[in-house]
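So the chains spell out like this:
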Amino acid sequence: MRYWRVLFRNLATWLSAEMAYREDFLAAVLTALITTAGRVFALWGMFTAGVDFGGWRFEEALLVVGAAVVLMGAFAGLVEPNLSAFSRRVFQGTLDFVFLKPLDTQFLIMFERVSLWGLPDLVAGTWLIVAAAQRLGLSLAAVLALLGGLGCAALLFYLLAFGAALVAVRSMYVSNLLHFLAAFLQAAQYPATAYGRGFRWIFTFFVPVYWMTQVPVEVVLGRVSGALFLALGFWLALALAASRLALRLAMRSYTSASS
Amino acid sequence: MSVVVANRLSKMYQVAEKEPGLAGTLRHFVARRYKQIAAVREVSFELGEGEIVGFLGPNGAGKTTTLKMLTGLLYPTSGRAQVLGYVPHERRSGFLKQITLVMGNKAQLIWDLPVLDTLRVNAAVYEIPEVEYKKRVAQFAEMLAIEDILTQPVRKLSLGQRMKAELLASLLHHPRVLFLDEPTLGLDVNAQVAVRDFVRSYARERGATVLLTSHYMADIEALAERVILIHEGRLLFDGGLETLLDRFAPYKEVRLDLAEPAPAGAFDAFGEGVDFEGRSVRLLVTKERLTGVVAALLERFEVRDLTVDEPPLEEVIGRIFAAGAV
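Keeping their order, the protein sequence lines are chains L and U.
Read left to right, the first sequence gives residues 26 to 284 (my numbering).
Read left to right, the second sequence gives residues 906 to 1231 (my numbering).
The following block holds chain L by itself, in its conformation from the complex:
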């Protein structure tokens, strides 16, 4: 209960901070509208030009685009602000205040902030999913299952990003890492079959882009077994355990910025 209360308080506090700058939010809405329209137009262009997506119909591929846009919203709204803040705290020495709080440190680092910049993408992505699902005749339960799967996928991506940030923070700027991760989300907006065999292998096993957008979509489309959701859960549990271990090791060698 305490964690929910702190999560709510943190999110409300940082939303207040974000809303102090109205122009920023309007810019985010406009950016999301333009980029989402661009993505749909590009996909439509590829289909009308006869690009083969390995048997995917336009509406089915649109579900993958929608899923990727939802993840981009989660990235801009949660991952980017928290990991950037984490990096700043390390260099400024204010991470000490996080370590001194009587709550789980990983929770405090991962869910301290939220940015309104992610909201337009979350809305636009959900709208794309709902619109594509309607044209495909999918049920409400299928849409909810897809959104649930995307929630797990977003958490998986966040845990991987958190682990990478822990490793990277002492030797490079986390902002570079965030650009790198954002590029992979761009790759997740098309079905893996749109890429060559080498990239497909990378996106499946090396960077789990395939698991984050395509697996949830393929499960609700009935193309693959629902058991793959369990595999996603397995990846999630593994990533959680690995990130907690990485944090524990990082804290042992923490030196705190000099005062």
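Watch out, some of these pointers could steer you wrong.
Distance windows between CB atoms, simulated [to be verified]:
#: 1; chain 1: U; residue 1: ARG985; chain 2: L; residue 2: ALA167; range: 56 to 66 Å
#: 2; chain 1: L; residue 1: ARG113; chain 2: U; residue 2: GLU995; range: 21 to 31 Å
#: 3; chain 1: L; residue 1: LEU263; chain 2: U; residue 2: GLU995; range: 49 to 59 Å
#: 4; chain 1: U; residue 1: ALA921; chain 2: L; residue 2: ARG113; range: 15 to 25 Å
#: 5; chain 1: U; residue 1: VAL1208; chain 2: L; residue 2: GLU48; range: 43 to 53 Å
Derived coverage of chain U by chain L (criterion: at least 3 residues anywhere in the stretch with Cβ under 8 Å from a Cβ of chain L; other residues may be distant) [unchecked claim]:
#: 6; region: 1002-1012
#: 7; region: 1027-1036
Which chain U residues stay away from chain L? Per the calculated CB distances, all over 10 Å, these [stated by the list, open to error]:
#: 8; residue: MET906
#: 9; residue: VAL935
#: 10; residue: ARG946
#: 11; residue: GLY984
#: 12; residue: ASP1022
#: 13; residue: GLN1066
#: 14; residue: HIS1120
#: 15; residue: GLU1126
#: 16; residue: GLU1130
#: 17; residue: GLU1147
#: 18; residue: PRO1216
Just so you know, the hints here were simulated from the structure itself, not pulled from any lab data.
Note that beta-carbon positions come from the ideal geometry of N, C-alpha and C, so glycine has one too.
Model the placement of chain U on the given structure of chain L, informed by the hints.
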């Protein structure tokens, strides 16, 4: 029973060594060299319940590192730390709920938002009920005289107001042990006094134990009866403040701003450690001779300004070394 125990506490840091310039950078890129720095060396002391202790030492002496080991932020390289019966670096919730660390050069307040927003987050973290939260905020804000600024964005506050608000945020959960690292750093005299008064009142009311570092002797004199002196990571002195000052700083620093330049050597008879530059003069005068020397100086020279102060802490510590003490 001791509330804070440091038993032969040591901390070694590994620091990269790099020569300047492009050649140095390239060498550092190919083959990194590190050296071990002993920040704290086998420091031992104990603090009792309700005790306020000054922790003194020049920059780089190991004060902050010791504080960070006692708050669990750093793992000791060797030795044992214990606070309220807990091992700090295990960072148990029961331990973290009962301590606080205030750092004069670092802020936990949210920059773009009013102070109250940070306080609300802290109230949720420490599970302070709403009624109790409001009571504590009202009480502390009144003690610190910052009732009017709680709804202002932190970025709009002065340094003194920010530090008072930091104290409020750090003590909202009623910690039993306070680690204060330079809480008056950069503050004007009035703000320094307000911070000292607040810490003294809080400690007295709640029986809290306080370990305070400061470069300002006035902080230590106002709050602490006992001081621990540390230099180059080693504990040099642990005892009463009066003992320390009587033994190692039985003099005052006198500064003069003269209307006309005076000949060299004109002040040698008035005190020791004479520092003479143009019209500015600085000298150390024993406390017994102070009144007579000041009167004589005013009589013999045309003085535009005269100040009498405690000698800098670094100088006191330097004398401790010169005396081969402890």
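| message | Name the hints, by number, that the structure is in violation of. | response | Violated hints: 3, 5, 12; rest satisfied.
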